[in-house]
Amino acid sequence: MHLKIENLTKEYRRGKTAVEKLSLELENGMFGLLGPNGAGKTTLMKMLVTLLEPTSGTVKYNGFLLGKDNQDIRRLSGYLPQEYGLYPSLTAREFLNYFATLHGNSSKIDWKKRIDVLLEQVNLSDVANQRVGGFSGGMRQRLGIAQALLNDPRLLIVDEPTAGLDPSERVRFRNLLGQLSGDRIVILSTHIVDDISSSCNDMALLASGHLLYRGQPAGFIAQAKGHVWSTTVTPEHVTAIEKKHAIIGSVRHMDGVSLRVLGRQEAVADLPNVKPLDPTLEDAYIWVMEQNPAKQVVL
Amino acid sequence: MNTFPLTNQTTQISKDEWRLQWRSWGTWLVGLFLMAVVISEHPVFSIFSDFSLAEAAGLWADRVTIVGSLVAILTVPFALDRVRRQRVAPLEFTKPFEKFAYIIGKFAGATLPLVILAAVSLVIHLAITLATQNSPIIRSMTVYLTQAALVTFVPLLFITSLTYGMSVYIRRPIVIIPISLSYLILTTATQASADARFSWFSAVVRPDYFGGVIPESWMSIVLAHHAIYLGLSVVLLTLAVFGFQRGRFIDDRMPVKWWKQVRLPTFPLIGARFRMLGNGYFVAALLMALVAVANTMSNPNPFLRVEYAFFGLEFYLSVSGLLILSGILARDKESDVLDMVLTKPVNRWRLVAERLLPALILFGLIGVASVFVLNAFYEPLPILKSLLIALSTGIYLGMVGMTVANLTRNTLAGVGVGMLYWFFEAGFNGRFTAPVYLLIVSHQLPAELGDVWLNPAIWLPVKIGSLILSAFLFIANGWLLDSGPARRRTVTAILIGYPLIFILGWRLIPIFMG
Numbered sequence: 000m001h002l003k004i005e006n007l008t009k010e011y012r013r014g015k016t017a018v019e020k021l022s023l024e025l026e027n028g029m030f031g032l033l034g035p036n037g038a039g040k041t042t043l044m045k046m047l048v049t050l051l052e053p054t055s056g057t058v059k060y061n062g063f064l065l066g067k068d069n070q071d072i073r074r075l076s077g078y079l080p081q082e083y084g085l086y087p088s089l090t091a092r093e094f095l096n097y098f099a100t101l102h103g104n105s106s107k108i109d110w111k112k113r114i115d116v117l118l119e120q121v122n123l124s125d126v127a128n129q130r131v132g133g134f135s136g137g138m139r140q141r142l143g144i145a146q147a148l149l150n151d152p153r154l155l156i157v158d159e160p161t162a163g164l165d166p167s168e169r170v171r172f173r174n175l176l177g178q179l180s181g182d183r184i185v186i187l188s189t190h191i192v193d194d195i196s197s198s199c200n201d202m203a204l205l206a207s208g209h210l211l212y213r214g215q216p217a218g219f220i221a222q223a224k225g226h227v228w229s230t231t232v233t234p235e236h237v238t239a240i241e242k243k244h245a246i247i248g249s250v251r252h253m254d255g256v257s258l259r260v261l262g263r264q265e266a267v268a269d270l271p272n273v274k275p276l277d278p279t280l281e282d283a284y285i286w287v288m289e290q291n292p293a294k295q296v297v298l
Numbered sequence: 000m001n002t003f004p005l006t007n008q009t010t011q012i013s014k015d016e017w018r019l020q021w022r023s024w025g026t027w028l029v030g031l032f033l034m035a036v037v038i039s040e041h042p043v044f045s046i047f048s049d050f051s052l053a054e055a056a057g058l059w060a061d062r063v064t065i066v067g068s069l070v071a072i073l074t075v076p077f078a079l080d081r082v083r084r085q086r087v088a089p090l091e092f093t094k095p096f097e098k099f100a101y102i103i104g105k106f107a108g109a110t111l112p113l114v115i116l117a118a119v120s121l122v123i124h125l126a127i128t129l130a131t132q133n134s135p136i137i138r139s140m141t142v143y144l145t146q147a148a149l150v151t152f153v154p155l156l157f158i159t160s161l162t163y164g165m166s167v168y169i170r171r172p173i174v175i176i177p178i179s180l181s182y183l184i185l186t187t188a189t190q191a192s193a194d195a196r197f198s199w200f201s202a203v204v205r206p207d208y209f210g211g212v213i214p215e216s217w218m219s220i221v222l223a224h225h226a227i228y229l230g231l232s233v234v235l236l237t238l239a240v241f242g243f244q245r246g247r248f249i250d251d252r253m254p255v256k257w258w259k260q261v262r263l264p265t266f267p268l269i270g271a272r273f274r275m276l277g278n279g280y281f282v283a284a285l286l287m288a289l290v291a292v293a294n295t296m297s298n299p300n301p302f303l304r305v306e307y308a309f310f311g312l313e314f315y316l317s318v319s320g321l322l323i324l325s326g327i328l329a330r331d332k333e334s335d336v337l338d339m340v341l342t343k344p345v346n347r348w349r350l351v352a353e354r355l356l357p358a359l360i361l362f363g364l365i366g367v368a369s370v371f372v373l374n375a376f377y378e379p380l381p382i383l384k385s386l387l388i389a390l391s392t393g394i395y396l397g398m399v400g401m402t403v404a405n406l407t408r409n410t411l412a413g414v415g416v417g418m419l420y421w422f423f424e425a426g427f428n429g430r431f432t433a434p435v436y437l438l439i440v441s442h443q444l445p446a447e448l449g450d451v452w453l454n455p456a457i458w459l460p461v462k463i464g465s466l467i468l469s470a471f472l473f474i475a476n477g478w479l480l481d482s483g484p485a486r487r488r489t490v491t492a493i494l495i496g497y498p499l500i501f502i503l504g505w506r507l508i509p510i511f512m513g
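Protein chains in written order, with numbering that gives the first Met the number 0: chain B, 0 to 298; chain Y, 0 to 513.
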């Protein structure tokens with residue numbers, strides 16, 4: 000599977016540009032999409048799955064062109080939106096059957112078998128014949144994931160998929176996506192940085208409709224190397240430090256407050272007992288966003 | 000495009016839509032209430048008893064057509080809207096279904112209530128005929144099916160196609176319903192008031208207007224009429240298939256809503272409260288007010304102008320009241336704001352008053368405008384009495400709708416039950432609800448209920464009493480928003496209290512009136 004996005008732009012009415020001249024090429028594997036609220040992630044994904052029409056630019060999926068071959072694109076893609084509803088009066092199995100019907104019967108898939116496998120995969124086999132209206136948030140999310148996987152898509156796009164899941168479900172789902180990404184493109188958009196650091200081999204940071212970074216997570220983390228520090232201060236000093244430095248973590252102890260501070264070496268020289276730390280993806284995300292204040296979306 | 004998979008997909012989609020309709024309590028509620036109304040209209044219950052088998056079948060098929068049309072108007076627009084309202088659109092519209100299969104499949108599935116209605120009505124008719132006329136069952140069935148084929152099939156297909164076709168272009172059923180109702184009522188009511196037996200503008204050909212059976216001499220005209228409406232149905236469905244756009248049901252692609260650019264001045268509290276009322280329900284309420292005025296002014300009878308004005312003001316404006324008032328509190332739950340509202344230290348009485356006052360003012364303005372338009376351009380009316388008629392029934396019906404909406408936490412349920420109450424009263428003419436009969440001005444009470452109920456000195460205080468009762472219930476509704484024992488107690492009180500009041504009214508009012 001090969002996905003090529005060229006100069007993709009989406010302008011909403013009243014001049015708001017959600018995505019601007021974005022170019023990206025993706026091959027099979029898990030691709031993480033990171034960005035603040037309002038960065039244009041959801042708009043980008045909606046364009047990729049034919050729900051939104053781009054203002055300009057082209058998107059090609061293995062030779063299929065967005066806008067021209069939309070039905071073919073729908074046949075090879077699966078999408079789990081950030082916000083969606085389910086028909087509460089249908090059972091989980093009936094719900095998946097209905098979506099299988101929408102995929103059409105020309106496909107070679109044995110839907111009954113496929114639905115059984117998916118229900119098993121998302122851990123809903125036991126409640127397959129219960130109505131969706133009584134499902135918990137996590138169960139609904141898992142059913143949403145199952146419908147996205149129905150057609151065994153070559154391009155799977157998931158928007159904040161782990162938001163409603165408990166930690167063990169989250170790990171299970173991340174592993175499932177990881178397994179799937181072997182022979183397809185999986186685009187994972189999330190605010191949960193952990194999800195990207197533990198499952199993606201490729202990522203991008205999107206802000207104000209522009210790409211700020213594209214590459215491996217390790218390369219992204221490296222951008223913050225030498226800029227993350229720890230210090231321990233008395234509680235009275237915290238407010239003063241906060242005014243001068245970006246504090247990204249604080250833990251209160253009996254003998255003071257341990258702070259995780261972001262900044263250049265010369266800027267943190269005034270802090271007591273300052274020690275360098277290995278950056279995480281979250282540190283890198285905040286560092287990069289701090290360096291690009293114009294791209295931060297103020298809501 | 001391969002035809003076989005397409006047909007297969009259409010069938011599958013229609014089956015799934017059938018399932019959704021079957022499991023929708025709203026569909027059942029609409030169907031059952033309207034069936035009750037239509038049963039009350041069966042010719043054998045009439046004071047006239049010399050109906051032939053064909054006349055009885057014709058009149059029954061006629062009632063089934065009218066009720067079926069109402070069922071179609073109240074259920075079919077929701078088939079496509081459900082996808083948007085239940086937020087399934089982002090999942091559904093990324094799937095590679097064929098437009099034809101999707102639209103026609105959904106249409107076929109949405110007709111389920113009508114199919115059931117037709118089947119049930121056949122059984123009921125046969126049972127009644129068998130019990131009262133001693134006619135052989137096969138003959139009764141043949142006569143009925145002939146009449147149904149002639150009277151029912153095409154109008155129902157047309158009304159279904161019309162409402163469904165509109166739902167492809169207009170996303171809000173609450174706008175489609177009044178438009179379709181207006182069409183149905185105006186075309187049939189105009190016929191009745193003009194004493195015309197047939198109208199090319201109406202999809203319905205009523206044997207009622209021909210005295211029971213359509214005469215042979217009219218058959219060619221009726222068949223031509225049906226051929227035209229059959230053709231129009233096909234055109235409407237074709238337009239629905241071609242006009243369907245996935246994006247129309249996904250909010251991001253909505254065109255700029257010009258009316259959202261209009262901002263009322265933000266006076267403290269009032270501006271925002273009024274803006275909260277500006278939605279599809281308000282547009283529908285305005286449409287009903289227009290129907291009230293238009294229908295009244297289309298009355299050709301010069302001797303009954305005041306009566307017609309009263310009829311319009313009560314019959315149609317009560318629906319406006321229902322539409323405006325029903326959702327003013329339930330909306331909080333629907334837009335997921337309720338939890339935030341209830342955790343604030345706001346006085347509930349103030350909350351209720353802040354919602355009620357603008358809604359009443361808005362409905363009052365609609366009522367006053369309607370009365371003054373009729374007074375100026377139609378017939379001089381007694382202003383105070385007209386206003387009382389225009390507003391009291393609407394507020395009362397609105398309170399009922401609001402109670403249901405708050406109990407179910409669903410505005411549509413409130414409006415739906417209010418509409419059913421309205422149909423029920425229009426159908427039974429107060430036979431079961433005389434003390435607080437909803438449409439006391441618009442419909443005459445049956446003579447067998449006696450002089451007590453026909454005395455206008457009763458209904459005015461009773462209606463005002465009902466208003467006070469509703470106002471009390473409304474204040475209680477403010478507390479209904481909380482879940483827990485208090486809510487359960489109030490629900491129980493309402494469910495037991497309402498029927499009790501009716502029973503007591505039935506028994507006590509005639510005694511007091513001597």
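Bear in mind the hints are in silico, worked out from the structure with no lab data behind them. Please note that the accuracy of each hint is not assured.
[As the list claims (entries may be wrong)] List of simulated lysine to any residue pairs, SDA-like, C-alpha gap at most 20 Å: (1) Lys-20/B x Thr-57/B; (2) Lys-332/Y x Lys-242/B; (3) Lys-98/Y x Ser-197/B; (4) Lys-242/B x Ile-220/B; (5) Lys-224/B x Arg-171/B; (6) Lys-14/Y x Lys-98/Y; (7) Lys-332/Y x Leu-303/Y; (8) Lys-59/B x Leu-25/B; (9) Lys-14/Y x Asn-96/B; (10) Lys-112/B x Gln-11/Y; (11) Lys-332/Y x Tyr-83/B; (12) Lys-15/B x Leu-350/Y; (13) Lys-14/Y x Arg-259/B; (14) Lys-67/B x Ile-502/Y; (15) Lys-14/Y x Leu-89/B; (16) Lys-98/Y x Asn-96/B; (17) Lys-243/B x Leu-270/B; (18) Lys-14/Y x Gly-262/B; (19) Lys-98/Y x Asp-71/B.
[Unchecked claim] To give an idea of the interface, some chain B residues facing chain Y are shown, with a C-beta separation under 8 Å as derived from the structure: (20) Leu-50; (21) Thr-54; (22) Ser-55; (23) Arg-74; (24) Tyr-86; (25) Arg-92; (26) Gly-103; (27) Asn-128; (28) Val-131; (29) Phe-134; (30) Ser-135; (31) Gly-137.
Even glycine gets a Cβ: it sits at the ideal position worked out from N, Cα and C.
With 8 Å as the cut and Cβ atoms as the points, is Tyr-86/B at the interface with chain Y?
-> The hint holds - Tyr-86/B has a Cβ within 8 Å of chain Y, the shortest such distance being about 6 Å.
Are Lys-14/Y and Asn-96/B close enough, with their CA atoms no more than 20 Å apart?
-> holds, 11 Å
Going straight from one Cα to the other, do Lys-14/Y and Gly-262/B come out at no more than 20 Å?
-> violated, 62 Å
Interface hint compliance - Ser-55/B to chain Y, C-beta minimum distance less than 8 Å = At 17 Å from the nearest chain Y Cβ, Ser-55/B fails the 8 Å test, so the hint is violated.
Status of the Arg-74/B interface restraint (C-beta, 8 Å, chain Y) = Because about 5 Å separates Arg-74/B from the closest Cβ in chain Y, which is inside the 8 Å limit, the hint holds.
Was the hint right that Phe-134/B lines chain Y, CB cutoff 8 Å?
-> violated, 14 Å
Lys-98/Y paired with Asp-71/B [C-alpha distance capped at 20 Å] | Roughly 14 Å separates the two Cα atoms, so the pair holds.
Is Lys-98/Y close enough to Ser-197/B, meaning Cα to Cα at most 20 Å?
-> Given pair Lys-98/Y, Ser-197/B is violated - Cα atoms ~41 Å apart, limit 20 Å.
Hinted contact Gly-103/B with chain Y - closest CB pair below 8 Å = Check passed: Cβ of Gly-103/B comes within 5 Å of chain Y, closer than 8 Å.
Given hint Leu-50/B near chain Y, where the shortest CB pair must fall under 8 Å | holds, 6 Å
Answer holds if the nearest beta-carbon of chain Y is closer than 8 Å to that of Asn-128/B; otherwise answer violated.
-> violated, 14 Å
Answer holds if the nearest beta-carbon of chain Y is closer than 8 Å to that of Arg-92/B; otherwise answer violated.
-> Since the shortest Cβ distance to chain Y is 12 Å, the answer is violated.
Hint compliance for this structure: hints 2, 3, 4, 5, 7, 12, 13, 14, 18, 21, 22, 25, 27, 28, 29, 30, 31 are not met, and every other hint is.
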